[in-house]
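A.B. asks: Sequence:
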Amino acid sequence: MAFRRRIKEAPRVDLTPMVDVVFLLLIFFMISTTFIETQGLSITLPKASPTILQHQSGKVQVFLSREGKIFLQDEEVSFETLQTELALYHDPAQTMFLLMADREAQHGGVVQLMNLAKESGFEKLAIATEKEL
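Each residue of the sequence shown is one higher than the last, beginning at 1 in the working numbering.
No lab work stands behind these hints, which were simulated from the structure alone. A hint or two may mislead.
Said to hold, decoys possible - DSS-like mimics (lysine-lysine), calculated; alpha carbons at most 27 Å apart, straight line: (1) LYS124 / LYS69; (2) LYS118 / LYS69; (3) LYS69 / LYS59; (4) LYS8 / LYS59; (5) LYS124 / LYS59.
Claimed, not checked - Here are the computed distance ranges between Cβ atoms for each label pair: (6) ILE31 / GLN94: 52 to 62 Å; (7) GLU76 / GLY108: 14 to 24 Å; (8) THR129 / MET30: 37 to 47 Å; (9) MET18 / THR129: 51 to 61 Å.
Cβ atoms here follow ideal geometry from the backbone N, Cα and C, with glycine treated the same way.
Required output: the full structure, derived from the provided sequences and hints.
C.D. replies: Below, the structure is given as structure tokens:
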């Protein structure tokens, strides 16, 4: 009697159920994800080429050193003194507030000075930078 030999098939892994599960997970995460829009400052970043400001007679120069010292024109002042000095300017809306902060200065100090300029009524704010070589 002759027996037939079975031909053994190589085992195969069916990928269809795994693709279905991955697709369902993708749909689940897309639907359950919420997109939260946070409010922030609306700013326009400067271009790569520097813009040179025209010389204006009405400008206030405020310097912020690396150590956090504040200078109004060439005179060292405290934050409170600067606040009272800026309040004395007539027509701050037409006066340029020029902020010159050291590159190593704390970011919080720069923001604090910018906020002070806004509260004092200055509408024109410029941040001085050096030209890249």
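A.B. asks: None of the hints should be skipped; say for each whether it holds.
C.D. replies: Hint by hint, here is what the structure shows:
1. LYS124 / LYS69: Measuring from Cα to Cα gives roughly 23 Å; hence the hint holds.
2. LYS118 / LYS69: 20 Å, holds
3. LYS69 / LYS59: 20 Å, holds
4. LYS8 / LYS59: Violated, because 90 Å separates the two Cα atoms, which is more than 27 Å.
5. LYS124 / LYS59: 9 Å, holds
6. ILE31 / GLN94: 52 to 62 Å: 54 Å, holds
7. GLU76 / GLY108: 14 to 24 Å: About 19 Å separates the Cβ atoms of GLU76 and GLY108, which means 14 to 24 Å holds.
8. THR129 / MET30: 37 to 47 Å: The hint (37 to 47 Å, Cβ to Cβ) holds, given that THR129 and MET30 are roughly 43 Å apart.
9. MET18 / THR129: 51 to 61 Å: 55 Å, holds
When held up to the earlier numbered hints, the structure conflicts with hint 4 and nothing else.
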